[in-house]
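Sequence lines, in order, name chains E and U. Just so we're aligned, residue 1 is where the first sequence starts under the numbering used here, counting upward by one. Just so we're aligned, residue 1 is where the second sequence starts under the numbering used here, counting upward by one.
By construction, these hints were calculated from the structure, which means they are not laboratory data. The beta-carbon is built from N, C-alpha and C at its ideal position, and this holds for glycine as well.
Derived coverage of chain U by chain E (criterion: at least 3 residues anywhere in the stretch with Cβ under 8 Å from a Cβ of chain E; other residues may be distant):
1) 124-136
2) 146-160
Quick look at which bits of chain U chain E covers, simulated, 3 or more residues with Cβ under 8 Å:
3) 272-280
4) 327-338
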Amino acid sequence: MDLGSLLNALILGVSIASIWLIAALGLTIIYGTAGVINMAHGEFIMLGAYSSYMLQFYLGLPYLLCLPASFVIVALVGLALERGLIRYLYNRPLDTLLATYGVSLVLMQGVRLIFGSDPKYLAVPEMFQSNVMLGSASISAFRIVVLAITAFLVFALWLLFYKTRFGVQVRAVMQNKEMAASFGINSGRIYMMTFALGAGLAGVAGALFGVLAIVLPTMGASYVVQAFLMVVVGGGSLAGSVVASGVTGEMQSVFAFFTNDTFARFIIFVLIVVFLRFRPQGLFAQAGARR
Amino acid sequence: MGNLYHNKTAQWLVYAVFFAGFAIIPMTVDDSFLLNQLATYGVYGMLALSISLCWGFGGILNLGQGIAFGLGAYGMAMTMQMQTQDESNPIPPFMLNNSLDHLPMLWQPFQNTYVGMILAVAAPTLFCAVFGGIMFRARVSGPFFAIMTLAMLSAFYTIIIDRQPYTGGVNGLTPPSSLQFAGFEVDPYSPTAYWVVFGFLLGATVIAKLITQSSFGLVTQAIRDDSERVRFLGYSVAGYETVIYTVSGLIAAIAGCCWVMLVQYVSPAQLDVGFSLSMVIWAAIGGRYSLLGSILGAFIIQGAQSYLGDTFLATWLLILGGFFIIVVRFLPNGLASLVESGLGLFAAKRGPASAEPNGDAKPIPAE
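Could you put the whole structure together from the sequences, leaning on the hints where they help?
What follows is the structure in structure tokens.
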């Protein structure tokens, strides 16, 4: 057993985990606040990747500016979706799942009609193209950037939810919508903003994924199931999603080290089923969380 | 006389007319390809029916019905594959290409046609019973259960692609000749194959209908509407949920077997997330609270797909997605609810209706 390559696998695990985490955080925020199961989240990720591609390809925007731009673009798409469709479906969680699946079909096919099915590539920014040595393991600088961005996003979200007035209102609506409303909190507005925020996070995730993988109209589908599993295992809370993504991402890459990638995914699925048998509420169940 | 839609006798009468209409099709249609295609619609109808039973009546949204369908299909394909292998040469060609020198344990029971066919139905059913049992006893329900079925589906999808020497990988299995059963060869383009499929569809529909009308079905519908109250009344909610989920899986497994009999082919595409979600779309558009509505939903959508799909190949999914959004938003109980309200208007005109909700399609408040 080569220790260096195991260390490599462990470090790779952290970066897999951070990718899953950004996708899962957006879902968690949307689900945790409004109880909406957003099946179009994968397509939001895809839209984020395409917006970054367009900004880079047509406007020549530097990559680090594409990230916030993708956030804004996809957040606006999310806002439009929430106003146009989702707000009529609150309190019908299964119907939000179905309606957003319809949305995902439309988005996927729409993008395919506009851009075609051929893969697009986001260039790795030049300054992150080098490799960094960590002991005997070598890791690409871009993966460290991904980690840094994830850490920044988690910290920013923590600040937003626990240190601002908006965060207090969101948490109040999460725990008891009627009570929050009677204190003058406009829950409709909170739902709208959290949906846009979650969508925007998916946009950032897409801009990051776009560099590590190929940009395709169908790319969203492969991420959304994984991201949902993180929400389920985490129990629908932010902290739960962070821990769940970390643990499963790490386990995935260690199993993959001993077997292969697809088999590792299968093992993870089985372990999650067994885990839910003993802890159906997830890692950190949220007070008053809907399920 | 109330709303005719809720009249049990009327419902059975509609079923009789519907199935009688389909039974006489082979006597009037000569086109064997069309017959084969209509029979595949029968398979889709079975799948939509299984979703309606599980989701409409049990309140369990199953996004992974492709597991039962796919495993049933693989079991049947393995049986048919082994029928074409003789004793001296028991290893299918694709395994030789993957340099296997003996028949894997997994494949050995399929050498016997009857054992193989029983396994093709029993294995997915058993899987549903175990998986459903674990999940429902842990009180995983609603959207979380839907997500778990979705995850399980993609787990099976990846594992089938990964274990190429045993499953044929992405290529799947293509048994070279049609099913031989009890000395006969079942030609997939013959009226016999058509009648077999519609026989199963009829049987599944009648059994599903009887289940929903039984006291078991009544409790299941009560669980759908308020599982906590039913639990407090002392019923084993998990037990009821597991049974309805397993029956639904059984129907899907039979559908999988029929499907392979008709098309002589199976691949991981049958376990694709998109396919399982389309089953849900059929039931949702047709009307998940109505068994017949779901079946018709499958016919309408798949029919539209094969006739419009060729011309609007690129935009079809766009249209389907848009239509689906509209149905969920404005017609949550599907097209069948249009019939229901139409007949309700008719009843209202004829005088005061005696409020006598009967049969399977009570007006249900959106969840």
